[in-house]
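Produce the entire structure from the sequences given, and follow the hints as far as they go.
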Amino acid sequence: MPELPEVETVRRGLDRFVVGRRIDAVEVGRERSVRRTSRQAVIDGLNGATILRAERRGKYLLNPLDTGDTLMIHLRMTGQLLLAEPGAERPPHTHVAMHLAADPARGLEPAELWFVDARTFGEVVVFDPEFVETELPEVAKLGLDPLVDAPTVTDLATVIGRRHMRMKPLLVDQHVIAGIGNIYADEILHRARVHPDTVASTLRRKDFVLLHDAMLSILTAAVRAGGSSLKDNTYVDLMGEGGSYQEDHRVYARAGERCMTCGRGVIRRLPFGGRSTHFCPVCQREKRGGASPTRPRAAR
DNA sequence: AAACAAACCTGTGCGC
DNA sequence: TGCGCACAGGTTTGTT
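Residue numbers (numbering that gives the first Met the number 0): 0 to 299.
These are computed hints drawn from the structure, not numbers from a lab.
Beta carbons are placed, not taken as given, at the ideal position from N, Cα and C, and that holds for glycine.
Be aware that one or more of the hints could be misleading.
[Unchecked claim] Label pairs and their calculated CB-CB ranges:
1. Ala-40 with Arg-161: 39 to 49 angstroms
2. Ala-101 with Ala-40: 24 to 34 angstroms
3. Arg-75 with Arg-223: 23 to 33 angstroms
Now the structure itself:
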């Protein structure tokens, strides 16, 4: 569920309410949430540690600790991080609870930080960042982060311009660009007027300009709105508040509706690369060379 | 290199 | 109301 804007919103909550505090105790309920290492490794790695910073790379939350280790949390589909008062009743599927010490300097009372995750795809890991390549290889291999790395149009063109992948699967590929998921990929392609089936290597400079602008403006606007919360309200921030960017979605979950941009097309929903994809057939006209199933390639 | 399916789990919404 | 099935924001792995 959570993509870059949602994870960034959570990161900001951590920055504000959790950074600088010591973890006095840790409870791990379900072992699956800490499967990367073990229950004991997470407990030992966090007990007595102080969280120095709250960082994010793609959809990964990275929190350096004063022990030299880093606490990584990935929410995957249904994970949540919630701040609560000590002893408060925990929601179902609360798998990890960290007891945070007070921070009198900032007027913060003791609190609990909960990792809640119904589907248990998410995970909590304590690792040594010096060995990120072996301990968390996927983090080491993440592509450009649109906000952290602030890539230019040329950076974007360099990273995706020689790929023969279709744009929808490419945008959600974390090795290429980190942080974009199914919702924002659809929104970005629509704003850039690029059909999801367009092969990346056929794009022109003007397309990269449009994609770059769409990516940056949509992601920053979504962060400003606190992310997108869908009907099930699975995504909420640290304080349990939903975001409002879903109100600005132009194509995602709008199949069958008239396009709000051109007023002519009707939003379609089709699987691309196995993911349901929403687009306006008028705004995002398929161009020649973009979408043939057997892509003829001149030998060279 | 790229496409595709399956796997990991649970909850929800829909058609009947 | 109840049942069964399709589907869901992510990512990895194994095959073509």
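Checked against the structure, which of the hints given earlier come out wrong? No numbers; nothing is violated.
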